[in-house]
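Listed below are the residues making up each chain.
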Amino acid sequence: MIESYIRSLDVAIGDRLPAEVKAQRLREAEGHLRMAAEELNQLEAIRRYGGARAVANAMVRVHRGYETASTWRLSLPLLVGAVLGYAIQFPLHSLIPGLRGRGPFAYEVWLLAIIYIGQFVVRVAQTRRWLFWPAQVERLGFTVVVCLLARSRIPHLLSFEFLVISIRASAVYLALNALTLGAAALADRRRVRRA
Amino acid sequence: MAFRTDTKALVMAALADGPKHGYAVAKAVRESSGGLLKLGEGQLYPALYALEAEGWVIGEWDEEETNRRIYRLTDEGRTELAGRVSKWHEFADAVARVLPQPEGA
Numbered sequence: 005m006i007e008s009y010i011r012s013l014d015v016a017i018g019d020r021l022p023a024e025v026k027a028q029r030l031r032e033a034e035g036h037l038r039m040a041a042e043e044l045n046q047l048e049a050i051r052r053y054g055g056a057r058a059v060a061n062a063m064v065r066v067h068r069g070y071e072t073a074s075t076w077r078l079s080l081p082l083l084v085g086a087v088l089g090y091a092i093q094f095p096l097h098s099l100i101p102g103l104r105g106r107g108p109f110a111y112e113v114w115l116l117a118i119i120y121i122g123q124f125v126v127r128v129a130q131t132r133r134w135l136f137w138p139a140q141v142e143r144l145g146f147t148v149v150v151c152l153l154a155r156s157r158i159p160h161l162l163s164f165e166f167l168v169i170s171i172r173a174s175a176v177y178l179a180l181n182a183l184t185l186g187a188a189a190l191a192d193r194r195r196v197r198r199a
Numbered sequence: 328m329a330f331r332t333d334t335k336a337l338v339m340a341a342l343a344d345g346p347k348h349g350y351a352v353a354k355a356v357r358e359s360s361g362g363l364l365k366l367g368e369g370q371l372y373p374a375l376y377a378l379e380a381e382g383w384v385i386g387e388w389d390e391e392e393t394n395r396r397i398y399r400l401t402d403e404g405r406t407e408l409a410g411r412v413s414k415w416h417e418f419a420d421a422v423a424r425v426l427p428q429p430e431g432a
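Protein chains in written order, with the numbering used here: chain P, 5 to 199; chain Y, 328 to 432.
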């Protein structure tokens with residue numbers, strides 16, 4: 005069972021660590037599991053050690069200093085945040101009396117853009133990866149879906165005011181991203197080169 | 328626990344009284360905390376490697392048991408641990424001043 009776990013760990017690490025480092029990590033993991041199995045049993049020792057993929061990712065991250073999974077996958081939480089934020093606008097707009105009749109999304113779009121930038125900065129700091137382009141593509145895809153839905157189902161989304169606000173918010177969002185996150189991108193590239 | 332555990336400080340504290348291999352570090356933390364703190368053992372090693380990269384611990388292969396790596400705290404590690412211990416106590420004291428005493432105490 006331990007051999008099988010070590011093989012899983014080996015596969016999960018893949019070629020993300022230099023061969024010598026990987027061999028040392030696997031050797032140490034096996035030593036640990038055998039010691040633990042003497043006291044417990046193999047199954048419990050493996051359970052306490054944790055899932056092979058999570059352990060492998062942590063090892064790679066410590067070695068390289070940044071998250072190694074695909075930037076597409078890493079940026080998915082941003083998309084989820086954007087979708088939730090967008091969905092929240094509808095009940096907000098209908099529940100808050102002051103927003104009624106003032107034209108749709110006058111403040112919400114700006115607010116959501118700012119929240120999204122915040123999320124983006126946090127996510128880049130967490131993963132230490134440059135998530136700009138995948139996040140943009142995913143967001144664009146979502147926007148296209150919303151536009152298609154709007155065309156067929158939600159007539160007030162087609163208002164001219166909404167379109168203008170969306171374009172302005174996107175422009176501000178892109179400009180702020182470029183300014184505030186350019187430094188993060190350079191730092192990330194330097195770190196990748198060093199690793 | 329609602330308060331975040333400083334895993335690196337726990338690992339360094341376990342190494343403060345002498346060199347140990349990873350399994351012994353996990354065991355020391357578990358036993359010293361009366362079983363309350365259970366470090367994910369697979370996650371303990373990345374913490375050890377990070378400490379090693381910082382120069383706060385040094386790892387060397389055990390000459391007798393070839394699959395075991397023994398870690399020891401460096402002088403820089405002791406200094407770092409002392410700083411973290413001091414900060415932790417400041418934080419814990421501040422929280423204790425705010426929280427009410429447990430019932431029956």
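What the hints contain is simulated information worked out from the structure, not anything from laboratory work. For glycine and all other residues, C-beta sits at the position ideal for the given N, C-alpha and C. Some hints could be false.
In silico contact screen, one side only, chain P against chain Y (beta carbon under 8 angstroms); selected entries [what the hints assert, rightly or not]: (1) Arg31; (2) Glu34; (3) Tyr53; (4) Arg57; (5) Val59; (6) Ala62; (7) Val66; (8) Ile118; (9) Gln123; (10) Val125; (11) Ala129.
Cβ pair distances, simulated, as ranges [unchecked claim]: (12) Ala423/Y <-> Glu7/P: 33 to 43 angstroms; (13) Arg11/P <-> Trp388/Y: 15 to 25 angstroms; (14) Gly54/P <-> Asp333/Y: 43 to 53 angstroms; (15) Gly55/P <-> Glu358/Y: 20 to 30 angstroms; (16) Glu381/Y <-> Val150/P: 39 to 49 angstroms; (17) Ser12/P <-> Arg424/Y: 18 to 28 angstroms; (18) Ile121/P <-> Gly345/Y: 32 to 42 angstroms; (19) Val425/Y <-> Leu47/P: 16 to 26 angstroms; (20) Lys365/Y <-> Ala23/P: 24 to 34 angstroms; (21) Trp137/P <-> Ala380/Y: 28 to 38 angstroms; (22) Gly89/P <-> Gly345/Y: 32 to 42 angstroms; (23) Asn45/P <-> Arg424/Y: 38 to 48 angstroms; (24) Gly361/Y <-> Val87/P: 40 to 50 angstroms; (25) Pro427/Y <-> Val150/P: 16 to 26 angstroms.
Hint-by-hint comparison with the structure:
no.: 1; hint: Arg31; in the structure: 6 angstroms, holds
no.: 2; hint: Glu34; in the structure: 6 angstroms, holds
no.: 3; hint: Tyr53; in the structure: 4 angstroms, holds
no.: 4; hint: Arg57; in the structure: 10 angstroms, violated
no.: 5; hint: Val59; in the structure: 4 angstroms, holds
no.: 6; hint: Ala62; in the structure: 4 angstroms, holds
no.: 7; hint: Val66; in the structure: 4 angstroms, holds
no.: 8; hint: Ile118; in the structure: 27 angstroms, violated
no.: 9; hint: Gln123; in the structure: 21 angstroms, violated
no.: 10; hint: Val125; in the structure: 21 angstroms, violated
no.: 11; hint: Ala129; in the structure: 17 angstroms, violated
no.: 12; hint: Ala423/Y <-> Glu7/P: 33 to 43 angstroms; in the structure: 48 angstroms, violated
no.: 13; hint: Arg11/P <-> Trp388/Y: 15 to 25 angstroms; in the structure: 22 angstroms, holds
no.: 14; hint: Gly54/P <-> Asp333/Y: 43 to 53 angstroms; in the structure: 19 angstroms, violated
no.: 15; hint: Gly55/P <-> Glu358/Y: 20 to 30 angstroms; in the structure: 25 angstroms, holds
no.: 16; hint: Glu381/Y <-> Val150/P: 39 to 49 angstroms; in the structure: 46 angstroms, holds
no.: 17; hint: Ser12/P <-> Arg424/Y: 18 to 28 angstroms; in the structure: 48 angstroms, violated
no.: 18; hint: Ile121/P <-> Gly345/Y: 32 to 42 angstroms; in the structure: 49 angstroms, violated
no.: 19; hint: Val425/Y <-> Leu47/P: 16 to 26 angstroms; in the structure: 43 angstroms, violated
no.: 20; hint: Lys365/Y <-> Ala23/P: 24 to 34 angstroms; in the structure: 32 angstroms, holds
no.: 21; hint: Trp137/P <-> Ala380/Y: 28 to 38 angstroms; in the structure: 30 angstroms, holds
no.: 22; hint: Gly89/P <-> Gly345/Y: 32 to 42 angstroms; in the structure: 52 angstroms, violated
no.: 23; hint: Asn45/P <-> Arg424/Y: 38 to 48 angstroms; in the structure: 45 angstroms, holds
no.: 24; hint: Gly361/Y <-> Val87/P: 40 to 50 angstroms; in the structure: 44 angstroms, holds
no.: 25; hint: Pro427/Y <-> Val150/P: 16 to 26 angstroms; in the structure: 49 angstroms, violated
Violated hints, listed in ascending order, are 4, 8, 9, 10, 11, 12, 14, 17, 18, 19, 22, 25; each of the other numbered hints is respected by the structure.
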